[in-house]
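Student: Quick note, the sequences are listed as chains A and B, same order.
Under the working numbering, think of the first position of the first sequence as 1, with each following residue one higher.
Under the working numbering, think of the first position of the second sequence as 1, with each following residue one higher.
Hints are not guaranteed to be accurate.
[Stated by the list, open to error] With a straight-line Cα cutoff of 30 Å, these simulated BS3-like cross-link-like pairs (lysine-lysine) come out:
{"no.": "1", "chain 1": "B", "residue 1": "LYS109", "chain 2": "B", "residue 2": "LYS50"}
{"no.": "2", "chain 1": "B", "residue 1": "LYS50", "chain 2": "A", "residue 2": "LYS160"}
{"no.": "3", "chain 1": "B", "residue 1": "LYS109", "chain 2": "B", "residue 2": "LYS184"}
{"no.": "4", "chain 1": "B", "residue 1": "LYS109", "chain 2": "A", "residue 2": "LYS7"}
{"no.": "5", "chain 1": "A", "residue 1": "LYS160", "chain 2": "A", "residue 2": "LYS181"}
[Said to hold, decoys possible] Stretch by stretch, here's where chain B covers chain A in the computed footprint (C-beta under 8 Å, at least three residues):
{"no.": "6", "stretch": "140-146"}
{"no.": "7", "stretch": "284-292"}
Think of the hints as simulated: they come from the structure by calculation, not from any bench.
For every residue, glycine included, the Cβ atom is placed at its ideal position computed from N, Cα and C.
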Amino acid sequence: MLPFIAKRIVRLAATLVAVSFLTFLLVNLLPGDAINALIPIDAQQDREFVEQVREEWGLNDPMLVRYARWLGDAATGDFGDSIVTSRTVSDEIFHRLPVTAELMLVTVGLSVLLAVPLGVAAAYREGTRVDQFVSGLSQVFLSIPGFVAGLFLIYVFAMKLGWLPATGWNRLSDGLLDNLKTVILPALSLALIEIAVYTRVVRSDVIGTLQETYVLSARSKGLKDRYILFRHCLRPSSLTLITVVGLNIGSLLGGTVVVEFLFAMPGLGKRLLDAIFQRDFMMVQGITVFIATVYVAVNTLVDLVYMVVDPRIRKAD
Amino acid sequence: MAAGTRLRMPIFTRLCVVWLAVIVLGAVLADFVPGLQDPNHQGFLFGTSKTNDAPSWAHLLGTDNNSRDILARIVYGGRVSLVVAATAVATGTVFGMLFGCFVGYVRGKADAVVMSTVDVILAFPGLVLLLTVVTLLGRRDLVVIAAVVGFLSIPPYTRVARAQALAVSRREFVLAAEAIGTKKRTILFREVIPNCLPGCMGYALVNAAVIILLEGALAFLGLSVQPPTASWGNMVNAARVDIQINFWPVVWPSLALVFTVFSLNNVGDFIRRSRAVRSAAL
Chain A
1 MLPFIAKRIV RLAATLVAVS FLTFLLVNLL PGDAINALIP IDAQQDREFV EQVREEWGLN
61 DPMLVRYARW LGDAATGDFG DSIVTSRTVS DEIFHRLPVT AELMLVTVGL SVLLAVPLGV
121 AAAYREGTRV DQFVSGLSQV FLSIPGFVAG LFLIYVFAMK LGWLPATGWN RLSDGLLDNL
181 KTVILPALSL ALIEIAVYTR VVRSDVIGTL QETYVLSARS KGLKDRYILF RHCLRPSSLT
241 LITVVGLNIG SLLGGTVVVE FLFAMPGLGK RLLDAIFQRD FMMVQGITVF IATVYVAVNT
301 LVDLVYMVVD PRIRKAD
Chain B
1 MAAGTRLRMP IFTRLCVVWL AVIVLGAVLA DFVPGLQDPN HQGFLFGTSK TNDAPSWAHL
61 LGTDNNSRDI LARIVYGGRV SLVVAATAVA TGTVFGMLFG CFVGYVRGKA DAVVMSTVDV
121 ILAFPGLVLL LTVVTLLGRR DLVVIAAVVG FLSIPPYTRV ARAQALAVSR REFVLAAEAI
181 GTKKRTILFR EVIPNCLPGC MGYALVNAAV IILLEGALAF LGLSVQPPTA SWGNMVNAAR
241 VDIQINFWPV VWPSLALVFT VFSLNNVGDF IRRSRAVRSA AL
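Between the sequences and the hints, there should be enough to build the whole structure, so can you do that?
Tutor: Below you can see the structure in the form of structure tokens.
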């Protein structure tokens, strides 16, 4: 098992280096000179000053040299400084991370809580009206983008009913209830698509497990259906669900950018958007690499968890 | 295949096909539809319409906060979604199929190189990569957006096509062709690729829905085509500031987006199910 883990970690490191290089290439090769973000266009008449700033930020070095320097710094946790705010990029990331992390946790938690009963019910009543209703519902949820769901939730719950704030963010330290009030609508708007995806996975998986012989033997022992469903069927099916949750983290991270923009939340996605609008290339690079890292790391972790839980995979590899 | 095993298309799915046909025809023939207004005509400048007007005979879905006809903007906005989705599907199928089927069939070093490149590109969450590339390019017309989305569609199709090719390469007709000494290239184009095509087509409809959602989100962030060109996402974004005064300009483009994505998913699901029935009946 140990060599397997080592192999995975080497592959993870290789992917991360490739990902960061691709980002670096992207940010550096595409048109748009970084100098325009450092010095306003009308102040660029002074050639000597421009050269001095270029030298200072190392913009004159060949790209590979700059990448090597950036990678070396990044390995020690230094992603450089933001061009616009002059705070360090890692500072900004860790300042913004809790908001996005909480948003994603609440979204995934909410989605799993709703999707598991829906999926199990649909599988248990396969082919009946219950099943058709759940399939229809998940198809509808799958078609509603986060920004549309968010706008309608804001319209109903903030503007018409006045129960919740439309935008903004209360930190967890401001009190749990106040915090929940600002996280629930964004999480709900992200959850619709997740619920749809998870429900489909749970449904098809439980249908498969219900045909296993151990379910038959549990039935012949006279165990209650509900007990069989949740104790015998759900446990093997939960593995697939974990994998899908991991794979979906990518699209969810993209979703948080849109939802944080709509709800004006001070998260990582909003910061990335601001950096993009300000052409703050160090920041764009840092956040993009960070997001890709989280995504790849989560999926490696899912693979490892999978292996720990299911001994058959350990042998196969 | 017996005719009786064929799934009948439910009425609901037929409605979805009709909706997709209407959207496509509208986008293609928008310039020739009689009575459809200029989507960028700001009537209040000429005293011919008011801003945020309710639906009327002159403006069937009312006007937006620039007094433009919402129906016309939705019809023209469909062009952006469809052009982007069509480019993604076309580029993805052509290049993704070629790469995927090639490496899935020959395996070896080519497979390792192509698939690790694909893995690296797919390590970026789609919207984040799209967002970064589009902004860094600095130009935001339909051609650029479509080109970027098209390029980014190659990796996922490559992965799907490779999985198909791996299975097809083990089938008897490929082994037979190899046994009689057919050239590898001929087998690839005559046997492997044609047999991977149906699977990739099923993926294409679902992928088109995903792409339309992506473009919608990009436009909502103000990073897709430049206004005044209409797209469903930027219509929602422009109307949301006046949502308390007039709710409907937000509703119409949202519905157009949701109906289109729903229809693509529904028809895609139907095709997948009917293919599953047919292969089970074989």
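Student: Indicate, hint by hint, whether the structure satisfies it.
Tutor: Verification of the supplied hints:
no. : hint                : in the structure
1   : B:LYS109 x B:LYS50  : 65 Å, violated
2   : B:LYS50 x A:LYS160  : 26 Å, holds
3   : B:LYS109 x B:LYS184 : 16 Å, holds
4   : B:LYS109 x A:LYS7   : 19 Å, holds
5   : A:LYS160 x A:LYS181 : 16 Å, holds
6   : 140-146             : holds (count 6)
7   : 284-292             : holds (count 4)
Violated hint for the displayed structure: number 1, the only one.
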